[in-house]
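*Asks:* Sequence lines, in order, name chains A and B. For the first sequence, the working numbering assigns the number 10 to the initial residue and increments by one for each residue that follows. For the second sequence, the working numbering assigns the number 56 to the initial residue and increments by one for each residue that follows.
The reader is advised that the hints may include incorrect statements.
Partial selection, computed: residues in chain A whose CB lies under 7 Å from chain B [to be verified]:
| no. | residue |
| --- | --- |
| 1 | 101 |
| 2 | 114 |
| 3 | 115 |
| 4 | 117 |
Cβ-Cβ distance ranges computed for the label pairs, FRET-style [what the hints assert, rightly or not]:
| no. | chain 1 | residue 1 | chain 2 | residue 2 | range |
| --- | --- | --- | --- | --- | --- |
| 5 | B | 440 | A | 221 | 34 to 42 Å |
| 6 | A | 202 | B | 440 | 31 to 39 Å |
| 7 | A | 157 | B | 431 | 37 to 45 Å |
Treat the hints as calculated values from the structure; they're not laboratory data. Beta carbons are placed, not taken as given, at the ideal position from N, Cα and C, and that holds for glycine.
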Amino acid sequence: MISINNLKAGIGDKEILKGFNLNVKPGEVHAIMGPNGSGKSTLANVLAGKEDYTVTDGSVTFNGKDLLDMSPEDRAREGLFLAFQYPVEIPGVSNINFLKTCLSEIRAYKGLPPIEAKDFLKMVKEKQALVELQGSLANRSVNEGFSGGEKKRNEIFQMAMLEPSLAILDETDSGLDIDALRIVANGVNKLRDKNRSFVVITHYQRLLDYIVPDFVHVMYNGQIVKSGPKELALELEEKGYDWIKKEEEQVI
Amino acid sequence: MNTISTINNVQLISEVFTERLSQLPGGNNVQEIRRKAIEQFTKLGFPLRSNEEYKYSDTSKLFKEGINLAHADDDISKVDFNKYKQKNIDAYHIFLANGELISTESDKIENNKVEVCDLKTAAEKYDKIFNQYYGSSVAKFNDAFAQLNIALASKGLFVYLKDRAKLDKPLFIHNISTGTDNHFFQTHHLIIAETLCSIDIIEDFYSQTNSNQYILNSLAEIFVKEQGIVNYYKLQNENENAIHINTTHAVQDKQSLFDTNTVSLGGKWGRNNLNILMNGINCESHLNGLFVLKGQQHLDNHTLVDHQNPHCESNQLYKGILSDKSSGVFNGKIYVRKDAQKTNAYQSSKSMLLSDDASMNTKPQLEIYADDVKCSHGSSTGQIDTNALFYLRARGLSEDSARKLLMYAFALDVINTVKIEPYRHYLEELIENSLN
């Protein structure tokens, strides 16, 4: 699915990712945990193609193609989806028209005809139900005046509509109460299948109670410093990140 | 050099005025108003940058090639009027070529409470009203173009509603200009909605070809009497050589409503003066404006809302999208006079600059002499939000469509104030095209 090798990237002269490696196979769910400032969100943004970041070294292969060579829109069209940590409010752009335009551009890229209006509406209805998003929200401007929980649900709704092969969830649990967390996680779980992979970036273990990962990685100082099965998350929850930090510093 | 040719132009104009005066529509007191206006114009001359109101819009360069005051009515027969008619907009379509009413092409209004005719007919048929109103609203407006228009205008539309008339469909005035070679002409609309009358007016401005070059100085005087309702929509979509100068002056009597929407897309150089005088209590007015400029286009929007009476409300929203080397101006003046307690006056101006060479000058001016009022103004000039752009691209939209979508969304809240749905759709389409 995606293979990240020795990725180095940063903003200006500041290097944030310092040789990051990760392999994700189809159908797998990888969790990336780590303390604040370890480079988790930078990783998500670099993979999605945000131009503020400069990649200085390394390679990313996504479904056999060179991801770093693509524009943000082509990455999305190739099946990469980033659920934003801070979804942007866009007044005046209706959620539904926006998604319709996205779908047509993605389909045009793949050489498919535009989706029929009837099929589109059916799809909207189905996918809205998945994240218990009210119809009225779908008709409003993108994220405008949405609560924190509604914004995150809207991200998962968009993901469901765009049907990516790889979804990166950037701290989707932040700012969610327990009910919203369960709704979001349920939505994600329903979208899990053997061909779709997830990279779940989170600070806390609690999201992983709902979205159970195949692998847990700990990120620190721009690299993965520890990988293990899902139980690693519990260990982290118990011991905190200081344990990892100490281990790292000892090695150095 | 400029000054000399400008002086020559002013002289030429005043000579032409003397020659034409006796044939200009209106009785003795209109003639007197015209004489005073030309006097004032001669005194003012074409405004230079030294004039605070024209600080960003020097007009001397517009006239340095000289002006051509001859009547340009020779090629009206070549105009394909149907081309300008938006067929899916159910309205009374009225056509004017260089200000002259083309009755043969225009819809008839079968309503004895509503009169639509040219100024000449009005000056004869409705002499009392014509003489009472013509030029009266702008007599004190110290603007050279408005004064020149009052002095010299012979063509334009007279719209008169009486006996609680409510026009069943919008009145759609199509202004088509055929002039070439600096043809400089004045058109003047006189619109009067008597007590309890209501009307929707759409006015659009087009050039006959995509290159004919002229200078249009148009003026609309609008009187909204007690409890009257006038919705006035203006669209300027002329060719890239056209110079467009417009003054719209509304006088509102008590409990009246005047809403306006000014969309400017075309032209090389444009100036819109929009003046609203709240002459009675409980008046309400919304002033919305949108402009999309590119190339070397220049547009100057000046608004003036004069709150003279208590319990009135005005609300302004102007938005502009500027690219290439275009330049824009928004100057919004609000007066709240001593007696105008309980005034609500709001103003907001926002522009989006799409290139480093585009520029926007904004100047809000609030002069408040009453103490129990709510007034606010705000202005912002910015670029496209890069976070929003990335968000849209990360969902698969091309950079181009993402930009377009954001610009369109920016423009939309101005267009959404248009209440006539088919006209709104027409504007949406025009704006979408102009953002390409």
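*Asks:* Which of the listed hints are broken here?
*Replies:* Failing hints, ascending: 4, 7.
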